[in-house]
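Order-wise, the sequence lines are chains G and B.
Per my numbering, the very first residue in the first sequence carries number 1; after that it's consecutive.
Per my numbering, the very first residue in the second sequence carries number 1; after that it's consecutive.
Keep in mind that the hints are not guaranteed to be accurate.
[Claimed, not checked] Away from chain B, derived, C-beta distances all over 12 angstroms, residues of chain G:
| # | residue |
| --- | --- |
| 1 | Pro10 |
| 2 | Gly12 |
| 3 | Ala17 |
| 4 | Leu19 |
| 5 | Leu21 |
| 6 | Leu22 |
| 7 | Pro44 |
[Said to hold, decoys possible] Partial selection, computed: residues in chain G whose CB lies under 10 angstroms from chain B:
| # | residue |
| --- | --- |
| 8 | Val26 |
| 9 | Phe33 |
| 10 | Ala47 |
| 11 | Thr49 |
[Claimed, not checked] Here chain G is said to cover these stretches of chain B; the calculated rule only asks that three of the stretch's residues, wherever they fall, bring their Cβ under 8 angstroms from a Cβ of chain G:
| # | region |
| --- | --- |
| 12 | 73-79 |
| 13 | 122-131 |
| 14 | 148-157 |
| 15 | 209-216 |
| 16 | 229-243 |
Since the hints were derived computationally from the structure, they do not count as laboratory data.
Note that beta-carbon positions come from the ideal geometry of N, C-alpha and C, so glycine has one too.
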Amino acid sequence: MYTWIWRHLPGGTAGKALLSLLMALVVCAVLLFVVFPWIEPMLPFTAVTVDPGSGQ
Amino acid sequence: MRRTVSSATGTEWTAPAGPVRYGRPRRTPGDVGRTVVRGIGQALVTAGPIVLLFVVYEVWVTDLLTNQRQGELSDELQAEWGDGTAGQTGGTFTGGPIDVEVGEPFAVVHVPRLGENWSRVVVEGTGTAELEDGPGHYVDTVMPGEQGNFSVAGHRVGRGSPFLDLDTMRPGDPIVIETAEGWFTYQVLGDAATGDFASPSGIPGQQVVTPADVDVIAPTPGGAPGTAATGKYLTLTTCHPKYSARQRLVIHAELADARSRADAPDGPAALRED
Numbered sequence: 001m002y003t004w005i006w007r008h009l010p011g012g013t014a015g016k017a018l019l020s021l022l023m024a025l026v027v028c029a030v031l032l033f034v035v036f037p038w039i040e041p042m043l044p045f046t047a048v049t050v051d052p053g054s055g056q
Numbered sequence: 001m002r003r004t005v006s007s008a009t010g011t012e013w014t015a016p017a018g019p020v021r022y023g024r025p026r027r028t029p030g031d032v033g034r035t036v037v038r039g040i041g042q043a044l045v046t047a048g049p050i051v052l053l054f055v056v057y058e059v060w061v062t063d064l065l066t067n068q069r070q071g072e073l074s075d076e077l078q079a080e081w082g083d084g085t086a087g088q089t090g091g092t093f094t095g096g097p098i099d100v101e102v103g104e105p106f107a108v109v110h111v112p113r114l115g116e117n118w119s120r121v122v123v124e125g126t127g128t129a130e131l132e133d134g135p136g137h138y139v140d141t142v143m144p145g146e147q148g149n150f151s152v153a154g155h156r157v158g159r160g161s162p163f164l165d166l167d168t169m170r171p172g173d174p175i176v177i178e179t180a181e182g183w184f185t186y187q188v189l190g191d192a193a194t195g196d197f198a199s200p201s202g203i204p205g206q207q208v209v210t211p212a213d214v215d216v217i218a219p220t221p222g223g224a225p226g227t228a229a230t231g232k233y234l235t236l237t238t239c240h241p242k243y244s245a246r247q248r249l250v251i252h253a254e255l256a257d258a259r260s261r262a263d264a265p266d267g268p269a270a271l272r273e274d
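Can you build the whole structure from these sequences, using the hints too?
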């Protein structure tokens, strides 16, 4: 996966390294601000209320 | 056979001997297998930092987002409440029902024990969306100052971590609820002198319960949910231990003082003490 991406990035080694870094930052931002807020309610470890429905 | 070619600039170039090849070497099944294994390995190595990034999200990014929301909600309430001189002066002051929709802010909780000038805006409702904005009021419980059990849930870690240090609360600690009408000072139940949470009323100042134990937010904490209230209480719930949702940490407090905003423009004594 990564070698394929590297081969297909434009530019010399320095250019590819910079673009790789930018792509990694974009992926992090998408994860932190889009993906994680979306899946978080589906995870069980953030409940703080008492509620008769909890089976634990 | 060697071939001699003339290039555009006039120099001569001699091609290497041997058959001319076109394209890459043919892909063998071994190559495909190696690519698949390499791909799986890279996917696993990628999964690790993603999980770590999720921890960063839970502990840091949600704090940022919630603190921003708290700032907005605080501005909204201050604008709504004006210069803080509403309500009658003198006479007895008691809390009354506050009509507010789920998600709307309606009070500010001040807890000196949790930090200097520590306060959070409380919203109505305890759903996931509401708790992302800050501590939320259990809708089936009474409002501040009313007879019964005013109960609030808040996150322990993440989303502003309002109740992170709730375990440091001690008997006698003040919890002040500020509303449009006035200030309600509750005190954590228990013996302040000895630090023992057991109180004469039988309601402990602090307890750890299972998530299904809804008795803690009953009108009389610990009583059956339908029974009448025996006093004016406040209950805070959060998860326990710190990074788990296995149990709930619960704080119980009883109303000690209530005064209108007009009577106490700078807040009650409990907030001015430290």
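> What are the numbers of the hints the structure violates, in ascending order?
Replying inline: 7, 8 and 12
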